[in-house]
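Model the placement of chain B on the given structure of chain A, informed by the hints.
The residues making up each chain are set out below.
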Amino acid sequence: MRIGVVTFPGSLDDRDAQQAVRSCGGDAVALWYADADLKGVDAVVLPGGFSYGDYLRCGAVAHRAPVMSAVTAFVAEGGPVLGICNGFQVLCEAGLLPGALTRNEGLRFVCRDVALTIETADTAWTRAFSPGQVAIIPAKHGEGRYVADADTLDALEAEDRVVARYAAGCNPNGSLRDIAGVTNAARNVVGLMPHPEHAVDETLIGGIDGRGFFQSVMQGTPATSPA
Amino acid sequence: MTDQIRSDVTFPPDETLTPERARELGHELGLRGDEYDRIVGTLHRTPTVAELGMYSVMWSEHCSYKSSKIHLRQLAASAPWIVAGPGENAGVVDVGDGLAVAFKIESHNHPSFVEPVQGAMTGVGGILRDIFTMGARPIAVMDPLRFGDPGGWTDGAGRHHEPDPLQRRLIDGVVRGVGFYGNCVGVANIGGETVFDDTYAGNPLVNVLAIGVMQRDRLQLARAEAPGHLAVLLGSATGRDGIGGASVLASQEFDEGLEAKRPNVQVGDPFAEKLLIECCLELYERDLISGIQDMGAAGIACSTSELASAASMGMDVDLDAVHLREPSMESWEILCSESQERMLALVDPDEVTEVLAIAERWGVPASVIGEVVEGDALVLRRRGEVVADLPARSLADEGPTYDRAQQRPSSLDDYAAIDAESVATDQLAGGDLDAFALAFLASPNVASKRWVYEQYDQHVQAGTVLGPGMGDAGVVRLPGSRRAVACATDGNGRYCELDPAEGTKRIVAEAYRNVVCVGARPLGTTNCLNFGNPERPEIMWQLATSIAAMAEACAALGVPVTGGNVSLYNETKGAAIHPTPVIGILGVLEDAGDAIGAAYENENDLVFLLGAPTKEGLAGSDLQRYLGLPLGGVLAPTDLELEAVIGEVLQLAAREGYVSSAHDVSGGGLLATLAESCAAGAIGVEVAIDTGLSPAQLLCSESPGRVVVTVASEHVRELAQLCADAGVALTDIGTVGGERLIIRDVIDLPLEEVETALLGGLAATLDG
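Residue numbers (our numbering), protein chains in the order written: chain A, 4 to 230; chain B, 2 to 769.
Excised from the complex, chain A in its bound form:
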């Protein structure tokens, strides 16, 4: 499976995501922010980092890059897209996922391994998990507090679109309802604040619980759109 990883100016975990894709058995394809061309990939990862330095609201500049028009079209066709950390912020800015990520409640950058409860296996990126499964994944961000209005949060929960929550006592940023990741209505787009690409190699810190996200998308058929 060919998985594209977009590099925006200031993307940092782009080569890491490529390495994770390869280590899980996929072919990683480098995509460039200025080209509205996905090179025919089967899935796309928007990686972590500080696109444009995060000097403006995170993701506010990157989501206007030419590549994002191609990503939006890809999403409309049901193509699987995973936004990690800054990539999640970009997806929210692009309107491909609901809600927003604001400054951590503690007003500090936080880097620590967090326990996530996988809430749904019915997405392109989590089908290798079972609901309720706990995965330890490193989080590292200064602006990762997931917020949305109550109606949106209720709808996300009602539609089983909360992908992962921070386990009890592990919420590092004050995210509402402990939400660590969400999916869109078509269930092909997932945004996740912690970094599964940093949990794929047993020699490195971070563990290997992140492999499931990449293995999920490589299991083949894209998630189908519910009603």
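Rather than coming from a laboratory, the hints here were simulated on the basis of the structure.
For every residue, glycine included, the Cβ atom is placed at its ideal position computed from N, Cα and C.
One should not assume that every hint holds.
[As the list claims (entries may be wrong)] For each label pair, taking beta carbons as the anchor points, the in silico distance ranges come out as:
| id | chain 1 | residue 1 | chain 2 | residue 2 | range |
| --- | --- | --- | --- | --- | --- |
| 1 | B | S79 | A | T206 | 44 to 50 Å |
| 2 | B | G159 | A | L110 | 30 to 36 Å |
| 3 | B | P350 | A | S72 | 56 to 62 Å |
| 4 | B | R384 | A | S72 | 42 to 48 Å |
| 5 | A | A153 | B | G97 | 45 to 51 Å |
Same frame as chain A, now just chain B:
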């Protein structure tokens, strides 16, 4: 002055000075009278404004090393694996597999005191540029930090230390600055130190070490060897920020008027640096660069003169071509600006179009500002007229050097007269050793620095094998290789205040020991010498004594010095900091999977003390400070031969897989060592130690040469044989397991309370 004074050259009126005014201006810029005379002697005429500006920064202590140079010469060392040594932007060592690793430590003490966030940010940015100037991709940083006491805690004498808002502001700002820059530029933080001591209350130390990796044959040099090649300024626009920043701030002590110095502090832009890194690495990859130098202190003056001087060439530079933030800048301001995130690259004219296209692709502003020429003259023009014309080497390599007077401080005898070793048990929480242990472990200097390193990205670039708090050294795997490098930084101002020679040896040995504990083969040393005002003979004696001891220790341990940084004038209102050399030692592991952490791993592993027996060692110790006792005592000598043998044993043991964990005994003593390994592994330990020493010594002695290792029972025989062959003592002291930290007949604590104290102590102090 016997040299003939030339009068046949003219300069624009606004650059021309009378001899009297020139001398006066030189003085205002920090040039001594004899230094000014030396300039006139070199030029055979009165210098222009631009020239005076350039000489004043290039001949500042920060840029010229004028007080330390003659002493640093004894650090010149060589080994077959050293690719680049002292004098280059960073040391480079061959780590095998066709790879080379660049590493260096630098200080940003003064700017960080004036403006902690920006000071720390630009400290990180500057050391990263030193690394990628060599051709290497920066892969890790470490940050040895020293502040005054933050307060908000109660010491072992029962004295409550009131929260100190200034120290807290500095701590918060520096950690935010180190974090934001490193996080935003995408380089993992793999360790460091954080020390709190009153000696740094008026002068914090912000040192940053960076590590980078490259293909060995991609080494870049800061030499302008090809006449006709063009000088391309890559990176941010040149502005008025930081004029005389490093060179002025770092070359004098502080008195009043901190706020007035704020404009001297540079402003960091990590996003610009990230783009500059990627741009430069692509230029190296395509072999488009014939020489390159970063612009830090003294900006264009420094980079042009150093490039030219290193190759005995000259350079013509057109200052009108420099992309400026403010067009109204004077020539000397352009030359001396310390605007960050800039590089000067030398490029074949036939390839300059390609270079500019790559820069544009990365969004890096670039302008062609000059050309390498035969001869030795650095000629700078503005608006078509020459504003400076001087021998490049006179700026870069022929600055003044001083053999300053030295005097052994008499206070050393006073320190030595103090009995540091007789600490009675009832001085430890009235003899309640469990209560003492928890409070000591929670105290700011002993507690885990998790509060600090959780603000740093430890994962980015997917190479971290051991992050902060996980092993005695940080370990990072090299991209595309099984190999990893390990690095540890150590300093101890209290030891060096008592005895700069023995103190320095001890910290070199500690850094070495930390690197071998993770199983790596130590290859080289970098150092950051943080001292007071060298014009005072006592300070100069400390500096010279420390350098000599470092040379001796590094030679004995086979870890040549590959470079470093000298930070002098670390004083405020006439009070110098304790002499604080900080040592960074880098080593290599052939297989990243062999790295040994400090965490206890397996129930029933056996615990051994490897190396020297525990001896009296409370002089200058953390316990002495915690109890509020006067700094004093005599440091026991470090047995460098033993340390080297311990190093051999631990490397072999790691490679053969004999040990599950290794953690040396240093600050905080055996109590801290055991508690840290328990907390890291979330498992208990029970040991029994028969030393005949008092509980204070048993728990908190910092006597050198000791490592605690844990070993699975099936490997005990092999490790014992290894130690016997090497002549290193191996003493069985206990067993890993359970949920208590027990030192029989001394302390018995639930693991949970140990974790709360050790891991949460600093957060409770700083956030509480």
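Structure-based check of all given hints:
For S79 (chain B) and T206 (chain A), the hinted distance range of 44 to 50 Å is not satisfied, since their beta carbons lie about 33 Å from each other. Distance hint check: the CB atoms of G159 (chain B) and L110 (chain A) are about 34 Å apart, consistent with the given range 30 to 36 Å. Hint check: P350 (chain B) to S72 (chain A), Cβ distance near 39 Å, so the stated range 56 to 62 Å is violated. A hinted range of 42 to 48 Å for the beta carbons of R384 (chain B) and S72 (chain A) is consistent with their spacing of about 46 Å.
Checked against the hint of 45 to 51 Å, the pair A153 (chain A) and G97 (chain B) fails, with Cβ atoms roughly 59 Å apart.
When held up to the earlier numbered hints, the structure conflicts with 1, 3, 5 and fits the remainder.
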